[in-house]
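So you can see what is in the structure, the chains are spelled out below.
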Amino acid sequence: MKKNNIKLMQGNEACVEGALAAGMNFFAGYPITPSTEIAEISSQRLPRFGGKFIQMEDEIASMAATIGGALTGAKAMTATSGPGFSLKQENIGYASMAEIPCVIVNVQRGGPSTGLPTSPAQGDVMQAKWGTHGDHPIIALTPSSVKETFDTTVKAFNLAEKYRVPVVLLMDEVIAHMREKIEIPKKEDIEIIDRIKPDKDDATYQAYEVKQGDIVPPMASFGEGFRYHVTGLVHDETGFPSNDTEIADKLIHRLVDKINNNVDDISLYEEYKTNDIDTLIISYGSTARSAKTAVDMANNEGLNVGLFRPITIWPTLEKQIIDLAKKVDKIIVAEMNLGQYALEVERLASKYTQVHHLGKIDGDLITPNEILSKIKEV
Amino acid sequence: MSNKLAKKYFRMDKLPHIWCPGCGHGILMRSVIQAIDNLGLNKDKVCVVSGIGCSSRAPGYLDFNTLHTTHGRALAFATGIKMANPDLHVIVVTGDGDSAAIGGNHLIHAARRNIDITTVVFNNNIYGMTGGQYSPTTPTGDKGTTAPYGNIDKNFDLCKLAKGAGSTYTGRATAYHANLITKLVQKGIENKGFSFIEALSVCPTYYGRKNKKGDASDMMKHLKDASINVKAAKNKANEELEDKIIIGELYKSQEPEYTEQYKRIINRFKKER
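Heads up: the protein sequence lines correspond to chains E and V, in order.
Going by the working numbering, the residue at position 6 of the first sequence is 49; the numbering climbs one at a time, nothing skipped.
Going by the working numbering, the residue at position 34 of the second sequence is 680; the numbering climbs one at a time, nothing skipped.
Any given hint might turn out to be false.
Stated by the list, open to error - Result set (EDC-like, lysine to aspartate or glutamate): computed pairs, CA atoms no more than 16 angstroms apart in a straight line: (1) V:Lys689 with E:Glu267; (2) E:Lys243 with V:Asp690; (3) V:Lys660 with E:Asp279; (4) V:Lys691 with E:Asp194; (5) E:Lys370 with E:Asp319; (6) E:Lys316 with E:Asp366; (7) V:Lys660 with E:Glu280.
Since the hints were derived computationally from the structure, they do not count as laboratory data.
As the structure is a computational prediction, the values presented were derived from the model and not from experiment.
Please put together the full structure from these sequences, using the hints given.
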């Protein structure tokens, strides 16, 4: 018997381990760099647990099959990168509208288009939120280490189940392929959330009716005896389509509000040395690793700098960003894009403090020295 | 329709349906129901999945587990359902644009896998829901609102396409031959593998009007007159069959079914864990 469960693994592998720990028993995917290992490892591991893996004909189909699997009661996941994430948007919208719990991993690479397939980027932040058309709910989490990839994958499944929403795990190529030490938690130490289901003999079950005290409607699995209808059209509480303006208004508000009214429960973040500082760095994913080092370097030089690292990228952590903005003279948002999360920070913080941006889109990482230079420059 | 059959399988409160007067889809939907009734399937274990278009509204009226998905993707959703729970009878109701244009890739790959899904294409030779644009099955030369001077595309033979891609049970009939549709769907459901039934419909509102095909009864009469059973067709010369609709059981073969094969992988490797 091993006393501990310490392993060396890459982020993509930790993602699959986290998914399995969360109860994943269905995966549909399509090969794409730099996420392919997630499909490969899932194909190897799932049947050993009695789970199912299928490689679909394209990214659109793999998103569709993921939703189909989830409708039968499975905990379902798919994984992709930029070009595939674009293709999946159609059915991500469907999952938002029909409230199908599922997890979509997007290992970000350089874009647009085929871009830089083997290089890291963080250019899909806005796409994760607005990639599919219409106002819709979405949650996106972005891990910053291999260990955190395991934990946030578990969390992604839990949030998907709890809020009946597609959850995007927004990784980047560095986190996906970097190998780090990770201690796999014991099964009993991992919190698992399952979707709420209707009582077995509930004759009054309406597929899209939220019961008093619940956040979402209970979800029956296809085949269990509740013969209900699921559609991407605007629908009423029975699940059937409607053109009624009042019903449309009520539905879309309910879908968006179930996330917006529960941001505290969905919030994951780290504050690093944020007491008594003048400059705040906001950074996430692999870039936050450089930012953390830059904070230490700056502190050593006597500069009062700290880091705020959102793990929950969507919904935006408005409260935390505003609170910190009120306390500092300037904020530097460091990210591997031309200013995407920075737009959110500017929206929230610019009336309290200066907001600067440090971006990079050439496929190289942002280094601690680059961040330190920016701190000194501003 | 017998009231008994309707009450047993329809969501009566969702009727009347949205289809135009004279549309062939109602007959086809009834034929599908009859096949399910003949087989005595447990309603709780039947999933009817559709995409987008006129045909794809059918599941909403039916008292099963029903899924109205995105345009062209019905077979991809259905594949996920069947893969995750092979105990379910999965039936896809789709149209010519839905299955053969935007969903063409999903069609050929579902057929290739020989996954146990029965696909019924309600083929009305036109995009009806959007108002009469030409589809992959609009005959060459015919008109649509986006082919005002006649369609120059060659139209698909959907059954040949399905067979070529690997469908193990393939047949064709028309809204005029309602009983044959029932028989083909029934055999398709019984086939352990991918089954493909092309069900020719009529669209008097758009295709008929645009191409001066007369009213609904004229179009139904055309389906009757132009059809020839595959057995009778065997004795005819190719020239004689040129404008004919060949109906009946067209192609059958035996291949391993996809979810059964996956189950074997699970049984083999689950032990070695």
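Here is how each hint holds up against the structure:
no.: 1; hint: V:Lys689 with E:Glu267; result: holds, 10 angstroms
no.: 2; hint: E:Lys243 with V:Asp690; result: holds, 13 angstroms
no.: 3; hint: V:Lys660 with E:Asp279; result: holds, 13 angstroms
no.: 4; hint: V:Lys691 with E:Asp194; result: violated, 36 angstroms
no.: 5; hint: E:Lys370 with E:Asp319; result: holds, 8 angstroms
no.: 6; hint: E:Lys316 with E:Asp366; result: holds, 15 angstroms
no.: 7; hint: V:Lys660 with E:Glu280; result: holds, 14 angstroms
Hint check: a violation occurs at hint 4 only; the rest are consistent with the structure.
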